[in-house]
Amino acid sequence: MEFKWSVPLIILVLVNCDLYSCIGGSILTDCPLCNTYKPSQPESGSYSSEGSELVGILVRKIVYLTLNPNQQSRAAETRRCCGGPVSDHFQSDQFEKMFSNRNSLEVEDHEIENKGFLDYKSFITASAYYQPYGFGTTFINQDFFGTKEVAAFLAHVATKTSCGKKVVTREQLSRDLCYNKEMNSNLSYCDDRYKNAYPCAPGVAYYDRGALPIYWNYNYGEAGKDLKVDLLNHPEYIEQNATLAFQVAIWRWMTPIKEHQPSAHDVFIGTWTPTKNDKLAKRVSGFGATMNVLYGDLICGHGDNESMKNIISHYLYHLDLMGVGREEVGPQEVLSCAKQVAFNPSISSSP
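Counting with mature numbering (1 follows the signal peptide of the UniProt record, and there is no 0), you get residues -24 to -1, 1 to 327 for the letters of the sequence shown.
Source of the hints: derived by calculation from the structure; they are not laboratory data.
Careful, some of the hints might be misleading.
Said to hold, decoys possible - Have a look at the derived ranges for each label pair, beta carbon to beta carbon:
1. 72 <-> 301: 18 to 28 Å
2. 256 <-> 307: 13 to 23 Å
3. 251 <-> 162: 35 to 45 Å
As the list claims (entries may be wrong) - No farther apart than 30 Å at their CA atoms in a straight line, the calculated lysine-lysine pairs in the DSSO-like style are these:
4. 234 <-> 315
5. 204 <-> 252
6. 258 <-> 315
7. 97 <-> 285
8. 171 <-> 255
9. 201 <-> 255
10. 258 <-> 234
11. 204 <-> 234
12. 234 <-> 285
13. 73 <-> 97
14. 171 <-> 201
15. 285 <-> 255
16. 252 <-> 234
17. 315 <-> 252
Even for Gly, the Cβ is constructed at its ideal location relative to N, Cα and C.
Can you make the complete structure from the sequences, with help from the hints?
Quick look at the structure:
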């Protein structure tokens, strides 16, 4: 009798494991396939199409798979789905420990108008927009990347909003979320090459704003289009709305700099497969590659520099607070970008 019941049960498990990921022998019945179709930022001199969004998405996907045939076999070998919300595995008390000094006297000393502006509720609300695309929710086969991805993302946020020193001590690691915009900027960051697609508004400056700052008119235009907010004419919205400040930051994390390149999200969770040229350039999936995507040769390819070590220190600190063992970060070449050649080499710019 037990045998008769076990056969259909095994079949049921196998069928469901083929559709979803199975963790520890249990079925993830509430883990739909992730939506992987996020728009890419256009390369310099190119503009977004005004045609059907769906057609554009399909064309980009077909072109991407055609130019990257190794990604086709990669997709066939892996089962990728998006689980529950970020708040299921990242609670407010962890956020407060992570940024325990964000309301401290040190922040007051920096004359920040919006002390405590970037908070847990705003982050969770912002995360919800990108959760269906895998932000903080991705399962690949039996591995959950959500906790580590939140730690990684917030490590970048922390270093970009910190009012502490560049070389941090353990105590200074929590002195972040200090700024939500660039201070004392005299530059407009208006690129006329994008005047047709993303014309600069009169008297508006597109300097760094957000939890993981964006700048330049084309970035404001692309982010605004994705979030359905008029950031070209009203970039100040990012300074006034903490949820939007985090949404813009996650947009930057999820969006490739150029077409046919990975996003920080892609390289972190490992859905990007390095090409032969990538391997020659020492580029591999992992936390180190997120620095390469976001900052290029301003951080990467210069050995163990202090800026890179600062970001890594925040990442490891966040993993500790979230109960993730450091053995899960991988070897040094995965954690670091010290030897990586930049995806997009630059002469000089601000990360």
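Status of the hints after comparison with the structure:
At about 22 Å, the beta-carbon gap between residue 72 and residue 301 stays in the expected band of 18 to 28 Å. Taking 13 to 23 Å as the suggested C-beta distance range, the pair residue 256 and residue 307 conforms, at roughly 18 Å. For the pair residue 251 and residue 162, the beta carbons lie near 41 Å from each other, so the given range of 35 to 45 Å is met. A threshold of 30 Å between alpha carbons decides the hint, and for residue 234 with residue 315 the separation of about 22 Å falls inside it, so the pair holds.
For the hint linking residue 204 to residue 252, the alpha-carbon distance of about 38 Å lies beyond 30 Å, and the restraint is violated. For the suggested pair residue 258 and residue 315, the alpha carbons sit about 6 Å apart, so the restraint of at most 30 Å is met. For the hint linking residue 97 to residue 285, the alpha-carbon distance of about 29 Å falls within 30 Å, and the restraint holds. Taken as a hint, the residue 171 and residue 255 pair is broken in the structure, with Cα atoms around 37 Å apart against an allowance of 30 Å.
Pair hint residue 201 plus residue 255 does not hold up; C-alpha atoms about 34 Å apart against a cutoff of 30 Å. For the given pair, residue 258 sits about 19 Å from residue 234 by alpha-carbon distance, which is consistent with the 30 Å threshold. Distance check on the hinted pair: residue 204 and residue 234 sit about 21 Å apart at the alpha-carbon level, within 30 Å; holds. For the given pair, residue 234 sits about 26 Å from residue 285 by alpha-carbon distance, which is consistent with the 30 Å threshold.
For the hint pairing residue 73 with residue 97, the CA-to-CA distance comes to about 15 Å; that is within 30 Å, so the pair holds. Under the criterion of a C-alpha separation no larger than 30 Å, the hint pairing residue 171 with residue 201 is consistent with the structure, at around 16 Å. With a CA separation close to 23 Å, the supplied pair residue 285 and residue 255 stays within the 30 Å bound. A C-alpha spacing of about 19 Å is found between residue 252 and residue 234, which places the hinted pair at or below 30 Å, so the restraint holds.
Taking the CA atoms of residue 315 and residue 252, the gap is near 16 Å; set against the 30 Å cutoff, the hint holds.
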